[in-house]
Amino acid sequence: MIPYEQCLLDLANADDRVVIMTAENRGHMRNIPPYLGDRFVDVGIAEQTMIGAAAGMALRGRVVVTHALASFLTLRPLEFIRDDVGIPALPVIMVGMVPGVLSDGNGPTHQAIDDVMHMRGIPNINVCCPADIDELVDALPVLARSGRPWYVRYHASERIVPHVVPFEIGKAHTVIAADAEQVDVTILTYGYMVQHAVRAADQLIDEGLAVRVVNMRTLQPVDIDAILHCVATSRTIVTVEDHLRQGGLYSIVAETLLEAHRTADVLPIDLGLTWFPAGRLPDVLSVSGLDSTSIATRILHHVGHSR
Amino acid sequence: MRVREHILRMSTDGGCFTGASLSCVDLLVYLYSRFLNVTPETVADPSRDYLLLSKGHDVPALYSVFAELGFIDSTRLANHLSVDDDIYWHPNRNVRGVEFHSGSLGHLLSVGIGLAYDIKRTHGSNRVVVILGDGELNEGSVWEAMLVARALRLDNLIAIIDRNAFQANMRTEELIPLEPIAAKVDAFGWSVSSVDGHNFEALENTFGAWKPIADSPQMVIAATQRGRGVPSITDRSDRWFCNFTADEVEALIGELHGSAPATLKSETLIVR
Numbered sequence: 001m002i003p004y005e006q007c008l009l010d011l012a013n014a015d016d017r018v019v020i021m022t023a024e025n026r027g028h029m030r031n032i033p034p035y036l037g038d039r040f041v042d043v044g045i046a047e048q049t050m051i052g053a054a055a056g057m058a059l060r061g062r063v064v065v066t067h068a069l070a071s072f073l074t075l076r077p078l079e080f081i082r083d084d085v086g087i088p089a090l091p092v093i094m095v096g097m098v099p100g101v102l103s104d105g106n107g108p109t110h111q112a113i114d115d116v117m118h119m120r121g122i123p124n125i126n127v128c129c130p131a132d133i134d135e136l137v138d139a140l141p142v143l144a145r146s147g148r149p150w151y152v153r154y155h156a157s158e159r160i161v162p163h164v165v166p167f168e169i170g171k172a173h174t175v176i177a178a179d180a181e182q183v184d185v186t187i188l189t190y191g192y193m194v195q196h197a198v199r200a201a202d203q204l205i206d207e208g209l210a211v212r213v214v215n216m217r218t219l220q221p222v223d224i225d226a227i228l229h230c231v232a233t234s235r236t237i238v239t240v241e242d243h244l245r246q247g248g249l250y251s252i253v254a255e256t257l258l259e260a261h262r263t264a265d266v267l268p269i270d271l272g273l274t275w276f277p278a279g280r281l282p283d284v285l286s287v288s289g290l291d292s293t294s295i296a297t298r299i300l301h302h303v304g305h306s307r
Numbered sequence: 001m002r003v004r005e006h007i008l009r010m011s012t013d014g015g016c017f018t019g020a021s022l023s024c025v026d027l028l029v030y031l032y033s034r035f036l037n038v039t040p041e042t043v044a045d046p047s048r049d050y051l052l053l054s055k056g057h058d059v060p061a062l063y064s065v066f067a068e069l070g071f072i073d074s075t076r077l078a079n080h081l082s083v084d085d086d087i088y089w090h091p092n093r094n095v096r097g098v099e100f101h102s103g104s105l106g107h108l109l110s111v112g113i114g115l116a117y118d119i120k121r122t123h124g125s126n127r128v129v130v131i132l133g134d135g136e137l138n139e140g141s142v143w144e145a146m147l148v149a150r151a152l153r154l155d156n157l158i159a160i161i162d163r164n165a166f167q168a169n170m171r172t173e174e175l176i177p178l179e180p181i182a183a184k185v186d187a188f189g190w191s192v193s194s195v196d197g198h199n200f201e202a203l204e205n206t207f208g209a210w211k212p213i214a215d216s217p218q219m220v221i222a223a224t225q226r227g228r229g230v231p232s233i234t235d236r237s238d239r240w241f242c243n244f245t246a247d248e249v250e251a252l253i254g255e256l257h258g259s260a261p262a263t264l265k266s267e268t269l270i271v272r
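These protein sequence lines are chains U and Y, in that order.
Sequential numbering of the first sequence, starting at 1, is according to my numbering.
Sequential numbering of the second sequence, starting at 1, is according to my numbering.
A few of these clues could be false.
[Stated by the list, open to error] Stretch by stretch, here's where chain Y covers chain U in the computed footprint (C-beta under 8 angstroms, at least three residues):
1) 35 to 47
2) 51 to 58
3) 82 to 96
Calculated from the structure, these hints are not laboratory results.
All C-beta atoms in this analysis are idealised placements derived from N, C-alpha and C, irrespective of residue type, glycine included.
Bound-form chain U, shown alone:
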């Protein structure tokens, strides 16, 4: 049994309101149906019906954890998410698989690189982007207990960094803290990109820069205090995300600064405004400039530091 399967089982065992649904996306829950019986519902390739039915179950007091590939989960039933989950603010958790660059060889139809934009654009829908399996396992029960709708950008790689700070909604986690209070660079990031940002930071530190890396953990609600603190204590802010430029963390930082009447030197490292070339994941990362060396090089160039 993989850790995510155990996580779902533990969640269901701890809370009899929990029902697990999937639109025939069973890759990360293959072993749990026998344990869950009628609390596991596979509706087939029918994302709209899954979201509508999840809302119906939530009306009867259930907490429903739904699954599909992130692009299909967020786009095909977008109006069902908005109307049937968002408007009534029902406790439906939507877990999107292979988001961002993790769709590697699938091509643009499968690229959920606008998912944060769409989900945070719906009132009442919250967004959580775990950095690794430990954070996902920590977060899911908290999200289920919150009684609110959530979109989760599924990411279940092995632990990247120790999560010494317990998962908390709306609280960022500083995964690399510089000794100095004032740093040269703070990298704000989330999800799968945390590990690449951490490796990039190691390279920058080797070059003599004071660098901080902050894992945002939830993008809606977002940790405004953390963003403003980083802006106040950094020469340069870098946002790193496997998402389009629009609507993701870069937009969130821009909105946060404007609202606080602040400005900052912000370098966005992301997918720009287009789909990425499909291929093997390491190649996708490097061609998109999202591998750790590319990130470090971009940042060094930006701060005027040559190596």
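Fit chain Y to the known structure of chain U by using the hints.
Chain Y only, in chain U's frame:
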């Protein structure tokens, strides 16, 4: 008759979807007074029967039934389109008795699946009724939900098609032909029956002795008329959304009670 009067009185000063409301009046009156196990006192009881109005634009009919049966105070109908109340062109859950909001077509059969599944899973005997418009069958999500409802063997789920043969601007068969609906739904594995949606005796024959059919959701095709009860706006493609003058409303209410046909000058507001 009183329900139809309410609907006509909501068809002015901003107007409403009069034609679509008048076609499902008798269905809603029958279901709430004879079939559904739900009262103003049991609207939050987990063992109540549920009714979901998926074709939400006929909500004046629902609210008028609610007013007559005591779910809401009938004086609230005068708040139609007031921003200080929740009574507008589509259902709102803040109005007592409304199980779920709607407005966008093709949603509530899937919501009904979730309710019906949870009821079965927890061994409840309550039923879920979803009212669909015939034009709403253009939406693929209705047919997707039909597949899933059959797969989940939801024998406590009943969908009723308000088959008034019109969609917004024209006859359904002129735009996207639906017939043979019964054969199509049957092919999806549902049990299908037809009924005259304005005849209480026929409705009683269909629903009075209702029983679940093993593993099968049930579809009832209710033959109805747009604008039923008021001849000058019956079966007309141009009387879907109506915004009449106060005088016209009074004339139409007279017509409802057998007076001469109303003279109508107001044109249909084209909203779609």
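TODO: Report holds or violated for chain Y covering the stretch 35 to 47 of chain U, Cβ cut-off 8 angstroms, minimum 3 residues.
DONE: Answer holds; 6 residues pass the 8 angstroms Cβ test.
- [ ] Check whether three or more residues of the stretch 82 to 96 of chain U sit with their beta carbon closer than 8 angstroms to a beta carbon of chain Y.
- [x] Holds, because 4 residues of the stretch 82 to 96 of chain U bring their Cβ atoms closer than 8 angstroms to Cβ atoms of chain Y.
TODO: Can you take a look at whether the stretch 51 to 58 of chain U is actually covered by chain Y? Rule is 3+ residues, C-beta closer than 8 angstroms.
DONE: holds (count 8)
Checked against the numbered hints above, the structure violates none of them.
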